[in-house]
Amino acid sequence: MTRILLSSVAAAAVLASASTAFAQTEIQFWHAMGGNLGEAVNAQIEGFNKSQTEYKVVPVYKGSYTETLTAAIAAFRAKQAPHIVQVFEVGTANMMAAKGAVYPIYQLMADAKEPFDPKAFIGPVTGYYSTTDGKLLSMPFNSSTPVLYRNKELMQKAGLDPNKPPTTWPELGEMAKKAVAAGAKCGFTPQWQTWTMIENFGAWHNLPYATKQNGFGGTDIELKFNSPAHVKHIQTLADWSKDKTFVYGGREGRSTALFNAGDCAFHIASSASASGIEKALTPEKVGISMMPYWPDVIAKPQNSIIGGATLWVLQGKPAAEYKGVAKLMTYLSSGPVQAKWHQETGYVPVSLSAAEITEKAGFYQKNPGRDVAVMELTLNPPTENSKGLRIGNFVQIRDIVDGELEAVWSGKKDAKTALDDAVKAGNDQLKRFEAANK
Amino acid sequence: MEKRVTFNERWLPYLLLGPQIIITLVFFFWPSGQAIYQSLLIEDAFGGNSKFVWFENFAQLFRDNSYAHSAQVTVVFSFLVAAIGLGVSLLLAVMADRIIRGATGYKTFLVWPYAVAPAVAGVLWGFLFNPSVGIVAWMLQGIGIEFNYVINGNQALMLVVIAAVWNQISYNFLFFLAGLQSIPKSLIEAAAIDGAGPSRRFWDIIFPLLSPTGFFLLVVNIIYAFFGTFGVIDSLTKGGPAKATEILVFKVYNDGFRGQDLGGSSAQSVILMIVVILLTFVQFRFIERRVHY
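The listed protein sequences correspond, in order, to chains A and B.
Going by my numbering, 370 is the number at position 381 of the first sequence; the sequence numbering is gapless.
Add 511 to a position in the second sequence, counting from 1, and you land on the number used in my numbering.
One or more hints might be untrue.
Residues from chain A that face chain B, not an exhaustive set, calculated with beta carbons under 7 angstroms [stated by the list, open to error]: (1) Ile62; (2) Arg66; (3) Gln69; (4) Lys88; (5) Gly89; (6) Ala90; (7) Tyr92; (8) Gly239; (9) Gln385; (10) Glu395; (11) Ser399; (12) Ala425.
Here chain B is said to cover these stretches of chain A; the calculated rule only asks that three of the stretch's residues, wherever they fall, bring their Cβ under 8 angstroms from a Cβ of chain B [unchecked claim]: (13) 52 to 61; (14) 81 to 87; (15) 247 to 260; (16) 414 to 423.
Below, computed lysine-lysine pairings styled on DSSO-like, alpha-carbon distance capped at 30 angstroms [said to hold, decoys possible]: (17) A:Lys201 x B:Lys618; (18) A:Lys221 x B:Lys749; (19) B:Lys749 x A:Lys402; (20) A:Lys268 x B:Lys749; (21) A:Lys306 x B:Lys562; (22) B:Lys749 x A:Lys231; (23) A:Lys420 x B:Lys749; (24) A:Lys413 x B:Lys562; (25) B:Lys562 x A:Lys124; (26) B:Lys749 x A:Lys401; (27) A:Lys166 x A:Lys274; (28) A:Lys146 x A:Lys88; (29) A:Lys233 x B:Lys749; (30) A:Lys174 x B:Lys749; (31) B:Lys749 x A:Lys213; (32) A:Lys420 x B:Lys562.
Source of the hints: derived by calculation from the structure; they are not laboratory data.
Positions of the beta carbon are idealized from the N, C-alpha and C atoms, including for glycine.
Please take these sequences and the hints and turn them into a complete structure.
Following this line, the structure appears as structure tokens:
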């Protein structure tokens, strides 16, 4: 059954790339950005195509991240792969392990003799996708980090100062309780719970997610996110759920519907959700600030880690075409292009210069809170625990964690049992990944 | 005198059968063969690292608690979908068969749900029961029932069963109605003259004569519950919460396409293939004996 799908996708890919013979060298770029984001991607690519005459990049929208990756894999196996494919961050370890399939960025840039300075980038953005000695493997494209959104109207109703966001979890709990007491349907709800409440929670408190520098140091690793601090955090949320101080709104981004409807006082969500949230609630009602922390775990928060996707270059094309790919990478990571992308979408820029350009243009003054994401990422130099995650079979592990957390929210398990079980089942996935990639 | 059409040409029957055989080979046997081969490999998705591991993928599945759990969910789910789906549609068909005025109108309405794609059906039901904006969830809350399929596994399972049944009822209904209409009126009338009431007539005359249709629908419905409900589950719950609605076919998709674990996923499809072959065999071998044609 799987094969029917794979081969039909491959057949479609063959048809799509059959018409590749012009004077201009065509570069296929498969991405997963629909709607407004898709238009922003097309605008970027159009900008590149107009900036030179030698290459023509063809952006193709391939559906969700999963669909895009599946299509690229099928096309690669049929020897009809695109030059560039956008892959989500959880696929990083699997992409790295795909020997002979990917062309690392640092090598691509060196081979094409394209000037390239990894130091111009924001540490946690590129660190997530670099080898332990700092060599960049894939080009960060759309990166975001979780931030705390607050509904100022609900805070006012509860007699709280809407311009004073909570900075610690105990504070957030107290404020959320007051908001619920004043009639709010929900105090706090997080988006992408595995990413915000486990992965970023760890980085923010400088706690490991897995051994060997969160997997950067090898594939023979074990998960570590069942530490007492993690257990305490999840148990606290579970206790809060009894009086609606905490409300679970579903997997991935589904809980944002609750915050957008004006039900919740606080919401931890991707910085890229900012424009959608502001559109739903009007910008005056929304405040954005840094994620809270537990003062008894860490004196000051460490730094957050990113989510999102990067551009991977696939092997198997003539060298001349890779020259064009390298030029595109340089164009996409240049300051002005990144600044525009950052302002339009809410994704964080890859380079510090883009943040400076945005600052100088007065964007952050007009849109307060949009600088929080970059502030969180650059709060401190990243440690082994806050550089990023390099976890094999990460998609399955996230599913396992999602399932176990749901067992906690529904009262079937306590936090300790659930996290222990998640670590155990996750470790089995890691062993399997290690066996496949020896 | 024997009246029998024969073909003198030896190749003609093969030629006429050809297209069907080619389609079967290309679209059924080839992919199945590939799945069996793939199930013996552990490899990364791009095919760079490939290792032949014999039955390691299968052994892994049988060690995995979540696979047993998924099998259990599938059994419960399929039983509920087939039982409720057949029961409700039989009732509707019997009722529609008795109606004299406006029968076409009722029948048309009852056939409509079949025109809705499973994925769309999933979205519709999900919207009705959505814990924060759904109208049915809101009404249930009004009478004191907290309905939240995002957290509550049993409620989620109930919801996917309802959506799957709703989507399949029209199909069952059509076949049952056709079956009912093909039962000779004289038999029923004779029974009535002998003094049998409606319920007696149903159980002693109609039900046995309907059994071929019922048997056919049982097979179709179980296969539907195994495979055809993917769209409903994917759009409603994605197998959650806490794997409460993760039926086997969804796990195949999830591990293979989202997780890029092609070996493990192929092993699951091979097992699923064997289960369905066995199930169909058992149905024809044992249940069919009780069916009166």
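For each hint, the structure was consulted:
1. Ile62: holds, 5 angstroms
2. Arg66: holds, 5 angstroms
3. Gln69: violated, 13 angstroms
4. Lys88: holds, 4 angstroms
5. Gly89: holds, 5 angstroms
6. Ala90: holds, 4 angstroms
7. Tyr92: violated, 12 angstroms
8. Gly239: holds, 5 angstroms
9. Gln385: holds, 5 angstroms
10. Glu395: The hint holds - Glu395 (chain A) has a Cβ within 7 angstroms of chain B, the shortest such distance being about 4 angstroms.
11. Ser399: holds, 5 angstroms
12. Ala425: holds, 5 angstroms
13. 52 to 61: Holds: 3 residues of the region 52 to 61 of chain A have a Cβ under 8 angstroms from chain B.
14. 81 to 87: Coverage by chain B holds here, the residue count being 3 at a Cβ distance below 8 angstroms.
15. 247 to 260: holds (count 3)
16. 414 to 423: holds (count 3)
17. A:Lys201 x B:Lys618: Violated. Lys201 (chain A) to Lys618 (chain B) sits at ~65 angstroms, over the 30 angstroms cutoff.
18. A:Lys221 x B:Lys749: It holds: about 28 angstroms lies between the C-alpha atoms, which stays within 30 angstroms.
19. B:Lys749 x A:Lys402: Measuring from Cα to Cα gives roughly 21 angstroms; hence the hint holds.
20. A:Lys268 x B:Lys749: holds, 28 angstroms
21. A:Lys306 x B:Lys562: holds, 26 angstroms
22. B:Lys749 x A:Lys231: holds, 26 angstroms
23. A:Lys420 x B:Lys749: holds, 25 angstroms
24. A:Lys413 x B:Lys562: holds, 25 angstroms
25. B:Lys562 x A:Lys124: holds, 29 angstroms
26. B:Lys749 x A:Lys401: holds, 20 angstroms
27. A:Lys166 x A:Lys274: Within the cut-off at roughly 19 angstroms; holds.
28. A:Lys146 x A:Lys88: violated, 57 angstroms
29. A:Lys233 x B:Lys749: Since the Cα atoms of Lys233 (chain A) and Lys749 (chain B) sit roughly 25 angstroms apart, the hinted pair holds (cutoff 30 angstroms).
30. A:Lys174 x B:Lys749: It holds: about 26 angstroms lies between the C-alpha atoms, which stays within 30 angstroms.
31. B:Lys749 x A:Lys213: The hint holds at about 27 angstroms.
32. A:Lys420 x B:Lys562: holds, 15 angstroms
Hint check: violations occur at hints 3, 7, 17 and 28; the rest are consistent with the structure.
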